[in-house]
Amino acid sequence: MEKEKAMELKQILKTRLNRPMRYYIDTCTRCGLCYDTCHAFQGIPKKEYSPVGRAEVVRKLYKKYTRPGGFIFPYGTDATKFSDTVMDQLYEAAWSCTGCRRCAVNCPFGIDTGQMMGVAKHLLIANGTAPEELVMLADAAVEKGKSIDQFKEGYRNVIRDLEKEVQRKLSLPASDGLIPMEKKDATILYVGLAGAHSIVNPAIIFNAAKENWTLSFFEAVNFGFFAGDPAKANFIAQRIIKEATALNVKEVVVVECGTAFRILRALMGKLPFKVTSIVELIHRYLKEGRIKLKEGAVSDAVTYHDPCQLGRNGGVYDEPREVIRKIVTDYREMSPTREQNWCCGGGGGLVALDNEEFRIKTGKPKKEQIVATGAKIVVTACENCVSQLKTIQSGYGLDVEVKYLTELVCENIIV
Amino acid sequence: MSDAIKPDVTMDLKGLACPMPVVKVSQQIKKMQIGQILAAETTDPGAHADFPAWAKSTGNEILSTDKKDTVTTFYIKKLK
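Those protein sequence lines, which keep their order, are chains A and B.
Counting from 1, one number per residue, gives the positions in the first sequence under the working numbering.
Counting from 1, one number per residue, gives the positions in the second sequence under the working numbering.
These are computed hints drawn from the structure, not numbers from a lab.
Check the hints yourself; a few may be wrong.
[Said to hold, decoys possible] Just some of the chain A residues that point at chain B, by a computed CB distance under 8 Å:
#, residue
1, 14
2, 17
3, 150
4, 154
5, 193
6, 217
7, 387
8, 411
9, 414
[Unchecked claim] Calculated lysine to any residue pairs in the SDA-like style (CA-CA distance at most 20 Å, straight line):
#, chain 1, residue 1, chain 2, residue 2
10, A, 169, B, 30
11, B, 77, A, 151
12, A, 403, B, 43
13, A, 146, B, 61
14, B, 30, A, 146
15, A, 146, B, 37
16, B, 56, A, 148
17, A, 361, A, 414
18, A, 152, B, 12
19, B, 14, A, 165
20, A, 14, A, 139
21, B, 80, A, 165
Ideal Cβ placement from N, Cα and C applies to all residues, glycine included.
Make a model of the complete structure from these sequences and hints.
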């Protein structure tokens, strides 16, 4: 590694290792409790796939560059300097972690390895060795933000087709305006994803509730955040914030995407609008009597998978369960559940990488949880989780169907 | 226009979850020679903004799009 690159990385390391992170590094006693909390280690029991094993790579760099002992007597300590080998170790550490934060919840000191892996990802971006797929997706999202006016017409045209689907489902005489776009002063700006399911099902729910809403031109998912690039992550999130502000909406409702929800709700500071998950909104509509569901319509055993960014890191536990319990007669809770729920193994951008074999192995705790419930349907509320649960389902040959919560709701909505 | 285009590779991306359509296109285009054409069939409405943005950011060219019912085929020429 060239000296200039090492210097650049050293600066990023020192800037990013803020006080909480230095506390994490200094406090860890290597008790090893986190070994048992990490789905990756449960699937592949190697130290480098444990939270403490991942943090060790950052800790050794921290010792080298911020501790006098590590700088003056590096051979007397385990301090390491930046090198290609260390960067490879950082890659292995960062890209085997989904950022689920189950380790942080269980660590006696609350050490947040996910945050430390954010530092590792930033270093990999600066080194030019971050996953190409995620860098490419982040670049495309940034370009979309810069040139959105060029793409609006094509997007509008295809949304017209989706309006016809909504019209059919709701048995309405006309399709015009069922998916409004660029509607100034709408109450809600809904931010979906690329797939039709992420727009059609919420549109059915919004129309059934007679909501004053409008659809965003942007996708909710933030590939800059997944890649670990703070500048791109901020730009990508700001696209939505600027759109919502320009339209003067009161609330931004986020698609079933845990990371998108967490970023807008918790990581972007004070915003001039409320941020809500579509899951919370469905629950609110039910409470207010704005939508009605076929109660007890599903007799198959159903379980719910808490997306980590919606549940453990977002606090949305009760709303999806109450919606599901309205529709199903045989709801079965996974064990452990809620804040102790196992990550599916696909979060943090891992599902976009060419790593299916790894994800099947590290999805083992989730597979065992699903099997133990005996459920025939697994419902969840995150695009990444759905993809990964389908990978687990096919990888282990499970006899279960994986569904979005919005899908279950739309199959059982009374129109 | 698309009737005259003879793609070198055709990919079926219909029904893939986010973000796989763009990821698969990007992976495939890397394997191809400069000047070759990829036909990517997708049902994602978001692809109508995402594919052109991806092409612009990677320096490739979308020659044309062909929409039949819910399926759109993007004809992408590898330039880089």
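Evaluated hints:
Given hint, residue 14 of chain A at the interface with chain B, is violated; its Cβ is 31 Å from that chain's nearest Cβ, farther than 8 Å. Hint status for residue 17 of chain A: violated, given a least beta-carbon distance of 30 Å to chain B, over 8 Å. About 7 Å separates the beta-carbon of residue 150 of chain A from the nearest beta-carbon of chain B, less than 8 Å, and the hint is met. Hint status for residue 154 of chain A relative to chain B: holds, with the closest Cβ pair at about 4 Å, below 8 Å.
Interface restraint check for residue 193 of chain A: the shortest CB-CB distance to chain B comes to about 4 Å, inside 8 Å, so the restraint holds. Among the interface hints, the one on residue 217 of chain A holds; its C-beta lies about 7 Å from the nearest C-beta in chain B, closer than the 8 Å criterion. Of the supplied interface hints, the one on residue 387 of chain A holds, with its beta-carbon coming within about 5 Å of a beta-carbon of chain B, less than 8 Å. The closest approach between the C-beta of residue 411 of chain A and any C-beta of chain B is roughly 18 Å, which is over the 8 Å cut-off, so the hint fails.
Nearest Cβ of chain B to the Cβ of residue 414 of chain A: about 26 Å, over the 8 Å cut. The hint is violated. With a C-alpha separation of about 41 Å, the suggested pairing of residue 169 of chain A with residue 30 of chain B is violated against the 20 Å cut-off. Restraint check for residue 77 of chain B and residue 151 of chain A: satisfied, since their Cα atoms lie roughly 19 Å apart, inside the 20 Å limit. With a C-alpha separation of about 19 Å, the suggested pair residue 403 of chain A and residue 43 of chain B falls inside the 20 Å cut-off, and the hint holds.
Only pairs whose Cα atoms come within 20 Å are accepted, and residue 146 of chain A paired with residue 61 of chain B is accepted, the gap being roughly 18 Å. For the suggested pair residue 30 of chain B and residue 146 of chain A, the alpha carbons sit about 25 Å apart, so the restraint of at most 20 Å is broken. In summary, the hint linking residue 146 of chain A to residue 37 of chain B is not supported, as the alpha carbons are separated by about 26 Å, beyond the 20 Å threshold. Restraint check: the Cα-Cα separation between residue 56 of chain B and residue 148 of chain A comes to about 12 Å, which is no more than 20 Å; the hinted pair holds.
At roughly 41 Å between alpha-carbon atoms, residue 361 of chain A and residue 414 of chain A are farther apart than 20 Å, so this suggested pair is violated. A threshold of 20 Å between alpha carbons decides the hint, and for residue 152 of chain A with residue 12 of chain B the separation of about 24 Å lies outside it, so the pair is violated. A hinted pair counts as satisfied when its Cα atoms are at most 20 Å apart, and residue 14 of chain B with residue 165 of chain A qualifies at roughly 17 Å. Straight-line distance between C-alpha atoms of residue 14 of chain A and residue 139 of chain A comes to about 26 Å, which puts the hinted pair past the 20 Å bound.
For the suggested pair residue 80 of chain B and residue 165 of chain A, the alpha carbons sit about 39 Å apart, so the restraint of at most 20 Å is broken.
The structure is inconsistent with the numbered hints 1, 2, 8, 9, 10, 14, 15, 17, 18, 20 and 21, although it conforms to all the rest.
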